[in-house]
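Novice: Sequence:
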Amino acid sequence: MSRTMAAFLLLLTLQVSAQDTLPRFSVTTRGNNKVIVSWTNNYPVITQLSIQRSTDSTRNFRTILTLPDPTVKQNGYVDTKSPTPFSFYRLFIVLENGNYVFSESRRPFWDTAGASPGNATAESAEINGRRVVIADNMPYKEAEQLKEKLTEVVQKEVVKEPAKPEAPRAVPGKKPEPEKLFTVKRRDSILVQLTEKNFKRFRDSVVSRTKDTIAFKNLDTIVIRPFVPKEIYRPSRFVYTDKDGNVVIALPEAPGKDYQVKFFEDDRLPLFSIKKVKEPLLVMDKSNFLHAGWFQFELYEEGKLKETHKFLIPKDF
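Numbered per mature numbering (1 follows the signal peptide of the UniProt record, and there is no 0), the sequence shown spans residues -18 to -1, 1 to 299.
You may find that some hints are simply not true.
[Stated by the list, open to error] Derived lysine-lysine pairs resembling DSS-like cross-links, with alpha carbons at most 30 Å apart:
no., residue 1, residue 2
1, Lys244, Lys212
2, Lys244, Lys260
3, Lys212, Lys239
4, Lys257, Lys225
5, Lys268, Lys292
6, Lys193, Lys212
7, Lys257, Lys193
8, Lys212, Lys179
9, Lys225, Lys212
10, Lys244, Lys268
11, Lys212, Lys257
12, Lys286, Lys260
13, Lys225, Lys179
14, Lys225, Lys16
15, Lys260, Lys212
16, Lys193, Lys260
17, Lys239, Lys225
18, Lys239, Lys167
19, Lys239, Lys268
20, Lys239, Lys258
21, Lys225, Lys258
22, Lys239, Lys193
23, Lys292, Lys193
24, Lys212, Lys258
25, Lys16, Lys297
26, Lys193, Lys179
27, Lys193, Lys244
28, Lys225, Lys193
29, Lys225, Lys63
30, Lys193, Lys55
31, Lys297, Lys63
32, Lys55, Lys212
33, Lys286, Lys268
34, Lys225, Lys297
35, Lys212, Lys288
36, Lys258, Lys268
37, Lys167, Lys179
38, Lys239, Lys288
Since the hints were made in silico from the structure, they are not lab data.
Starting from the given sequences, assemble the full structure and let the hints guide the process.
Specialist: Set out below in structure tokens:
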């Protein structure tokens, strides 16, 4: 490993607290034409990890580094040769049995951590704001009124309040305003009613302990939107695409068994089929599929359905 590479990796060890877990990763910059790509590896087996760069978010990616040891728990790279500060980055990860995955592409964002003493508090308030939303069907006037109220709450959290003055004396004959109540629902069921004082504690609890979203249906009704995890795609062991986007059929027992593969568009419209796979490893040119995108397939062994799965041909085709 060169001295330059060692220096890059040493620099990145100082930033492990901001790293994401593969296949997620972080891309940050502090200017000076330096882009920092970093990650945490929790895969039990990983045989290759390459960093790729492109000026487009979906195509024309080129490998700028293949790590000599991809198994390091926390690692990264400093790119000083990017032609533009707006380049996209992604990771190509090869796992056990030749399975592989491409990460989502990301652009660098400015790392301003430590720039001001109140940074951590402001960041916390911003994160809360991403998961406290206003329903699309709320009337404009009510939405603006609610935004002003939420802004006041956030500002009170970010800016330390001075010592409270002595409470003003009650004006004779004037009744105090009743405390505002919020009704919290999950779907059509009422979970709880909260006072305005207790709303902050409730909001912070939902944001920090769950991945649910708090949505204001109107000025006094809150709906909890449960978090729905995204489906994680894992390629088939038998039919998958290689790094060039060509379709690979890997059937070690093909010479001695009867295998058939049927291919479909993503909407299940039939494309074509291979009635008998004779070779243990068959590579089909991606041009056979006419366009990029998702495709489905059915794999039959001795006339019985063995697997139904899908694969992706990248958009650079």
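Novice: It remains to establish, for every hint, whether it holds in the given structure.
Specialist: Hint check results:
no.	hint	in the structure
1	Lys244 - Lys212	holds, 27 Å
2	Lys244 - Lys260	holds, 15 Å
3	Lys212 - Lys239	violated, 37 Å
4	Lys257 - Lys225	holds, 26 Å
5	Lys268 - Lys292	holds, 14 Å
6	Lys193 - Lys212	holds, 12 Å
7	Lys257 - Lys193	violated, 47 Å
8	Lys212 - Lys179	violated, 35 Å
9	Lys225 - Lys212	holds, 24 Å
10	Lys244 - Lys268	holds, 15 Å
11	Lys212 - Lys257	violated, 35 Å
12	Lys286 - Lys260	holds, 17 Å
13	Lys225 - Lys179	violated, 56 Å
14	Lys225 - Lys16	holds, 28 Å
15	Lys260 - Lys212	violated, 37 Å
16	Lys193 - Lys260	violated, 49 Å
17	Lys239 - Lys225	holds, 28 Å
18	Lys239 - Lys167	violated, 57 Å
19	Lys239 - Lys268	holds, 26 Å
20	Lys239 - Lys258	holds, 9 Å
21	Lys225 - Lys258	holds, 25 Å
22	Lys239 - Lys193	violated, 48 Å
23	Lys292 - Lys193	holds, 29 Å
24	Lys212 - Lys258	violated, 36 Å
25	Lys16 - Lys297	holds, 28 Å
26	Lys193 - Lys179	holds, 23 Å
27	Lys193 - Lys244	violated, 39 Å
28	Lys225 - Lys193	violated, 34 Å
29	Lys225 - Lys63	holds, 24 Å
30	Lys193 - Lys55	holds, 26 Å
31	Lys297 - Lys63	holds, 25 Å
32	Lys55 - Lys212	holds, 25 Å
33	Lys286 - Lys268	holds, 27 Å
34	Lys225 - Lys297	holds, 13 Å
35	Lys212 - Lys288	holds, 26 Å
36	Lys258 - Lys268	holds, 19 Å
37	Lys167 - Lys179	holds, 18 Å
38	Lys239 - Lys288	holds, 13 Å
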